[in-house]
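Visitor: Residue numbers (the working numbering), protein chains in the order written: chain X, 63 to 340; chain Z, 6 to 432.
Bear in mind the hints are in silico, worked out from the structure with no lab data behind them. Ideal placement from N, C-alpha and C gives every residue a C-beta, glycine not left out. A couple of the hints might just be wrong.
Stated by the list, open to error - In silico negatives: residues of chain X with every beta carbon more than 10 Å from chain Z:
no.	residue
1	D104
2	D160
3	L171
4	R172
5	V207
6	D210
7	K227
8	C246
9	R249
10	S265
11	T320
12	N325
13	D333
Unchecked claim - Distance windows between CB atoms, simulated:
no.	chain 1	residue 1	chain 2	residue 2	range
14	X	V169	Z	P230	22 to 30 Å
15	Z	V422	X	D143	21 to 29 Å
16	Z	V46	X	V169	35 to 43 Å
17	Z	F332	X	Y101	28 to 36 Å
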Amino acid sequence: MPEIQSASGDAQLADESFRTIGKTYVDQPRMTASQVNVYYGDKQAICDVSLGIARNEVIAMIGPSGCGKSTFLRCLNRMNDTIAGCRVSGTIRLDQQDIYDKRLDVVPLRARVGMVFQKPNPFPKSIYDNVAYGPRIHGLARKGVELDEVVETSLRRAGLWTEVKDRLAAPGTGLSGGQQQRLCIARTIAVSPEVILMDEPCSALDPIATARIEELLVELRKNYTIAVVTHSMQQAARISQRTAYFHLGHLIEVGETTRIFTNPQHKLTEDYITGRFG
Amino acid sequence: MNERQQAVYATVQASLRRRYARERRFRALGLGAVILGLSFVLLLFTDIISKGYSAFVQTYITLPVYFDPQVIDPNEQRDPAQLARADYRQLVRAPLRALFPEVKNRRAKRQLYRLLSTGATYQIRAMVLADPGLIGQTRQIALLADDDVDMITKGHVDQATAEERFGADYRSWLQQLTRQGRLHTRWNIEFFTAGDSREPELAGIGGAMAGSFYTLLVTLLLSCPIGIAAAIYLEEFAPRNRFTDLIEVNINNLAAVPSIVFGLLGLAIFINLFGLPRSAPLVGGLVLTLMTLPTVIIASRAALQAVPPSIREAALGIGASRTQTVFHHVLPLALPGMLTGTIIGMAQALGETAPLLMIGMVAFIVDVPNSPLDPSSALPVQVYLWADSPERAFVERTSAAIMVLLAFLISMNACAVALRRRFERRW
């Protein structure tokens with residue numbers, strides 16, 4: 063796929079238009095969205111968003127409530143399919159493959175593009191079964207030692223192993239909020255996805271649990287591509303390499319996190335970052 | 006406080022009394038409604054129990070019965086067929102004649118024999134068939150008394166009425182039997198095992214209970230899987246369009262269709278078209294399935310809706326298919342709610358009478374059914390049948406049958422409540 067520069071270009075100064083400022087496409091994309099529009103019934107939630115996500119990067123999506131960042135995230139593994147009346151146009155590619163292709167099966171797609179949700183949502187089952195569920199249904203590991211190993215590795219990677227290794231049979235819902243969220247991360251990485259989508263993974267957690275998750279993201283970046291939606295600009299600044307700013311369904315600006323936070327090009331981005339609204 | 010604030014405060018103060026009074030009135034009204042409702046329930050229960058409790062005991066007359074070989078087995082062959090045919094009436098009448106030798110004329114004798122139920126004869130026959138060794142012996146046997154005796158003994162017919170109806174002799178016989186300690190009551194196990202009968206003292210709810218059991222079995226086996234499957238399909242898989250809307254409206258409407266209409270439908274379709282047997286619990290079960298399905302479907306859908314979407318998202322998010330999501334995660338969480346709905350539907354079906362009348366389960370059936378294809382009655386229909394009978398003894402049996410029916414209903418509903426408590430929202 064040829065690299066396309068955004069129409070507005072880097073140098074253009076801030077204006078009130080909704081054309082994306084910054085380099086939307088990347089050199090080695092894991093996922094690429096081009097001209098994505100999303101409608102809920104008659105209402106358009108996403109307008110013409112194009113965005114590339116590079117390998118092994120953490121990309122943060124920020125913006126005020128209702129700006130469409132979560133909707134966009136949910137397009138990336140077709141979780142929006144479950145919402146009645148939701149329509150998506152444009153193309154989203156995962157390693158050159160169009161994920162909205164009619165012939166594409168969403169089940170393997172969601173195994174490749176995992177998702178962690180805003181509210182920790184462990185299954186009301188044991189910790190072990192929570193993590194083992196994905197590998198089990200996909201047939202990734204045989205029952206017994208092999209599955210035990212997958213569960214242990216996943217829990218270790220999610221930084222939860224030492225806390226729960228003695229009570230794997232305890233219900234996952236009995237853990238604290240932060241532990242539950244890390245359990246959900248372990249559950250997601252147990253199926254070895256290529257991309258992990260996180261929809262405000264820390265918004266229901268206290269600062270200490272948040273810090274643990276953030277450390278974890280930095281660690282996970284070595285093996286996975288991560289897209290995070292967050293309300294916290296500090297968090298975006300701490301964990302991401304690139305940041306995309308959404309506003310009313312438009313992707314306003316995207317670029318290196320350091321640049322976005324130090325030298326925003328668009329007025330809206332600047333206003334949001336400096337705390338004038340949002 | 007400045008003037009304005011003081012004025013506001015005064016206004017608020019002034020309105021307080023009225024507001025509290027209104028609140029008290031409303032609370033009193035609510036409490037009144039509850040008390041009224043409870044007192045009616047209490048009245049109903051007191052009435053039923055006070056009328057029905059005596060049906061659980063039965064009056065017997067103990068008489069020395071001589072198993073006369075001349076009557077039972079003149080040829081001394083002990084042939085069971087021969088034994089079954091013998092005239093056992095003579096055996097139970099002889100001791101009565103011996104006790105009251107002063108009774109001479111035919112009419113008075115007939116009256117005397119009526120102290121005993123026809124069931125006493127069957128009782129003796131059964132004893133002889135079970136143990137032919139009794140022949141030639143004399144035993145003190147508690148023989149089933151007639152329902153009139155039963156009613157007088159239990160005090161349901163007062164002395165004056167009894168004398169008027171049965172004559173002075175009848176009363177003196179009973180007094181004599183009582184003096185001799187021959188008249189007594191005991192636990193009426195037959196009430197729970199026997200089928201229906203024209204004789205109140207022989208009638209039991211065994212047949213009706215078995216009929217209700219088979220009917221509910223058929224209903225459960227059909228409505229539970231069909232209802233839950235329909236609910237899962239509609240809730241989790243069906244696309245939202247005109248067609249599914251139509252189905253939904255129809256299901257809700259079906260829940261409001263008068264049950265007698267389902268009875269007519271069962272008569273027309275299952276009996277006339279498919280040729281299934283009349284009065285059979287199978288047909289009753291099919292009809293009640295139609296009637297219960299909407300309840301089960303609506304309850305099951307509510308249970309599915311109560312499962313938080315986050316569970317579905319979690320499963321879908323790691324690549325579970327829709328079927329896997331439903332069967333691994335959603336269904337286990339919704340199942341208690343579904344079962345609660347099913348039990349409540351079953352309880353409704355247990356108390357349903359009208360559709361069963363239409364398909365012939367109202368017939369007079371003496372035998373206890375052994376399969377869902379045997380003709381049978383059902384508990385509420387039995388109540389209906391007995392409530393129509395003129396004998397005083399059937400009044401207490403009606404109430405007793407209602408008590409049994411209510412006991413089943415209450416325990417089923419208690420099960421549903423317990424289930425709901427036990428599994429309530431554990432995520």
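Visitor: I'd like to know which numbered hints this structure contradicts. Please list them from smallest to largest.
Guide: 3, 4, 8, 9, 15 and 16
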